[in-house]
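Visitor: Take the sequences, apply the hints, and build the full model.
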Amino acid sequence: MSGDKGDGDGSGEGKGVTMRVEVDVPKCVASGQCVMIAPDVFDQREEDGIVVLLDERPPSELHADVRESAVVCPAAAIRVVEK
Amino acid sequence: MTETLAETTTEAEEPLPEFPMPRAAGCPFDPPPTARALHAERPVARVRLWDGSAPWLVTRYADQRALLADPRVSSESTLPGFPHASAGFRENAARRRSFITMDDPEHARIRRMVTAPFAIKRIEAMRPEIQKITDELIDSMLAGPTPVDLVRAFALPLPSLVICRLLGVPYEDHDFFQRNSSLLINRHSSVEEVVGANEALTDYLDGLVAAKLADPADDMLSELAARVRAGELTQREAANMGVLLLVAGHETTANMIALGTVALLENPDQLAVLRETEDPKVVARAVEELLRYLSIVHNGRRRVALEDIEIGGVTIRAGDGIIVYTGTGNWDAEVFPEPERLDIGRDARRHVAFGFGVHQCLGQPLARMELQVVYGTLYRRIPTLRLATGIDQLPFKDDGLVYGVYELPVTWTS
Ligand code: HEM
Ligand code: SF4
Numbered sequence: 001m002s003g004d005k006g007d008g009d010g011s012g013e014g015k016g017v018t019m020r021v022e023v024d025v026p027k028c029v030a031s032g033q034c035v036m037i038a039p040d041v042f043d044q045r046e047e048d049g050i051v052v053l054l055d056e057r058p059p060s061e062l063h064a065d066v067r068e069s070a071v072v073c074p075a076a077a078i079r080v081v082e083k
Numbered sequence: 001m002t003e004t005l006a007e008t009t010t011e012a013e014e015p016l017p018e019f020p021m022p023r024a025a026g027c028p029f030d031p032p033p034t035a036r037a038l039h040a041e042r043p044v045a046r047v048r049l050w051d052g053s054a055p056w057l058v059t060r061y062a063d064q065r066a067l068l069a070d071p072r073v074s075s076e077s078t079l080p081g082f083p084h085a086s087a088g089f090r091e092n093a094a095r096r097r098s099f100i101t102m103d104d105p106e107h108a109r110i111r112r113m114v115t116a117p118f119a120i121k122r123i124e125a126m127r128p129e130i131q132k133i134t135d136e137l138i139d140s141m142l143a144g145p146t147p148v149d150l151v152r153a154f155a156l157p158l159p160s161l162v163i164c165r166l167l168g169v170p171y172e173d174h175d176f177f178q179r180n181s182s183l184l185i186n187r188h189s190s191v192e193e194v195v196g197a198n199e200a201l202t203d204y205l206d207g208l209v210a211a212k213l214a215d216p217a218d219d220m221l222s223e224l225a226a227r228v229r230a231g232e233l234t235q236r237e238a239a240n241m242g243v244l245l246l247v248a249g250h251e252t253t254a255n256m257i258a259l260g261t262v263a264l265l266e267n268p269d270q271l272a273v274l275r276e277t278e279d280p281k282v283v284a285r286a287v288e289e290l291l292r293y294l295s296i297v298h299n300g301r302r303r304v305a306l307e308d309i310e311i312g313g314v315t316i317r318a319g320d321g322i323i324v325y326t327g328t329g330n331w332d333a334e335v336f337p338e339p340e341r342l343d344i345g346r347d348a349r350r351h352v353a354f355g356f357g358v359h360q361c362l363g364q365p366l367a368r369m370e371l372q373v374v375y376g377t378l379y380r381r382i383p384t385l386r387l388a389t390g391i392d393q394l395p396f397k398d399d400g401l402v403y404g405v406y407e408l409p410v411t412w413t414s
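As you go down the protein sequences, you meet chains E and B in turn.
Going left to right, the first sequence walks through residues 1 to 83 as my numbering numbers them.
Going left to right, the second sequence walks through residues 1 to 414 as my numbering numbers them.
Wrong hints could be hidden among the right ones.
As the list claims (entries may be wrong) - Simulated restraints on C-beta separations:
(1) Pro216/B <-> Arg79/E: 37 to 43 Å
(2) Gly52/B <-> Leu53/E: 45 to 51 Å
(3) Pro80/B <-> Arg45/E: 21 to 27 Å
(4) Glu106/B <-> Arg45/E: 35 to 41 Å
(5) Arg127/B <-> Val17/E: 48 to 54 Å
(6) Leu53/E <-> Glu124/B: 16 to 22 Å
(7) Val25/E <-> Glu136/B: 47 to 53 Å
Honestly, the hints are just simulated from the structure, not real lab data.
All values reported here derive from a predicted model rather than from experimental measurement.
For each residue, glycine too, the CB sits at the ideal point set by N, CA and C.
Guide: Shown next, in the form of structure tokens:
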């Protein structure tokens with residue numbers, strides 16, 4: 001359940017924390033939730049609305065939104081790795 | 001508010017609570033007291049349905065998300081053990097096959113045929129048109145007499161017009177499809193009514209798909225017709241999908257508009273915030289909170305277990321029915337503190353009002369957009385909007401699969 005990883009409240013976000021985002025394209029159900037929450041990181045394919053990752057290493061000001069996207073993704077298609 | 005359930009007797013001796021459960025008198029927005037008590041004490045518990053069957057009712061948020069995302073849980077309504085809402089629904093299960101009652105990979109293959117028009121950017125591009133329709137409907141209400149039924153004059157026409165344009169269904173036929181759609185989703189409809197309504201709607205959409213085959217336009221039914229021509233779908237399958245989209249596309253949003261308005265009128269401080277804001281983010285937050293607070297699709301997400309599943313301290317056996325009652329999940333204090341408070345300032349994005357897992361609402365970007373436009377416009381344009389009757393006089397849709405009001409008499413000071 002990668003979707004439960006983030007705390008999503010945006011707290012504890014230090015400078016120097018790096019984030020890597022992965023999407024599992026076959027799992028995506030095109031709900032659009034990630035695009036709604038973090039449009040600079042996620043987009044959708046024109047032909048079927050399936051997720052497209054725009055930014056694999058988003059800047060720290062977007063981390064909270066990316067974590068929230070992973071939490072609400074209904075298909076557990078977003079994985080967030082933080083170091 | 002939360003009743004206690006006698007736990008001293010064993011399940012065998014004590015009659016199971018019946019589902020669906022009545023809401024408490026005078027608390028039209030609260031989940032039923034029995035469901036809240038189960039949530040507090042027995043989060044995965046057997047309940048009794050109309051046909052005597054005893055599926056599991058799942059009332060906690062975490063369990064709900066876990067089960068709805070679990071591939072061992074099936075939406076296939078023709079499987080034995082599937083908890084049907086009525087005899088009519090059971091009878092219709094085999095006839096009305098669309099992707100909402102299919103499992104992956106078949107579900108994913110078909111759902112992806114209709115996901116493109118609901119992508120965030122495409123829906124965002126419809127905002128000006130939805131705003132225009134909203135303003136026109138409000139103009140005609142303001143030009144007409146009061147009191148007026150907000151359901152007939154506004155809440156139902158808006159999403160119906162929008163889904164008609166998206167699909168390519170003539171809006172002039174709205175009396176026909178709205179009537180049949182209400183019959184289709186009412187659990188008190190007889191078997192004949194449900195089957196008849198389904199046949200009528202499917203034949204109607206079948207005819208439209210045939211017409212689009214001959215004369216395509218820029219709409220979703222024409223896209224489905226092209227897939228019929230390409231051999232990816234039969235015409236009947238395309239018609240079934242059309243019925244699903246047409247019904248899901250207008251009933252739900254219409255009820256959110258009307259019931260959301262009732263909830264806001266009952267919470268004037270919250271309504272005032274919406275009425276006075278210029279900030280689309282405030283409105284977007286309010287939409288999520290109202291979706292959470294009202295959980296209008298109140299029949300429960302219906303499923304059947306394909307394998308044994310341990311959850312919430314019980315074992316759900318393969319073949320057992322499962323009902324995920326999102327009304328209490330969205331009122332789970334561990335996720336939403338003070339859940340009984342309508343607080344449009346809270347971050348409610350994690351609600352499960354659109355379901356969870358692979359069947360999560362396909363139309364959610366559209367529904368959100370419509371509600372953002374409506375909640376951001378209606379109360380600003382009619383600031384003195386109020387009920388023209390007591391709230392206890394309103395006909396609440398306890399018998400529908402989608403909760404709301406059948407009628408909403410409103411008035412204002414001109
Ligand atoms: C506020 C409005 C709406 C609410 C609360 C709502 C709620 C839901 C819920 C709870 C489900 C999940 C069903 C399940 O898991 O068994 C669902 C599925 C669905 N909804 Fe919506 N819905 C809304 C608006 C719409 C609109 C505007 C459309 C437009 C066509 C739509 C189309 C669908 C479809 C096609 C499905 C089936 C998805 C699948 O099985 O993969 N809904 N909706
Ligand atoms: S939230 Fe998940 S399912 Fe929805 S579009 Fe993004 S990746 Fe796909």
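Visitor: Now tell me, hint by hint, if it's right for this structure.
Guide: Comparing the hints with the structure gives:
{"no.": "1", "hint": "Pro216/B <-> Arg79/E: 37 to 43 Å", "in the structure": "holds (40 Å)"}
{"no.": "2", "hint": "Gly52/B <-> Leu53/E: 45 to 51 Å", "in the structure": "holds (50 Å)"}
{"no.": "3", "hint": "Pro80/B <-> Arg45/E: 21 to 27 Å", "in the structure": "violated (38 Å)"}
{"no.": "4", "hint": "Glu106/B <-> Arg45/E: 35 to 41 Å", "in the structure": "violated (21 Å)"}
{"no.": "5", "hint": "Arg127/B <-> Val17/E: 48 to 54 Å", "in the structure": "violated (36 Å)"}
{"no.": "6", "hint": "Leu53/E <-> Glu124/B: 16 to 22 Å", "in the structure": "holds (20 Å)"}
{"no.": "7", "hint": "Val25/E <-> Glu136/B: 47 to 53 Å", "in the structure": "violated (41 Å)"}
Taken one by one, the earlier hints fail for this structure at numbers 3, 4, 5 and 7, listed in ascending order.
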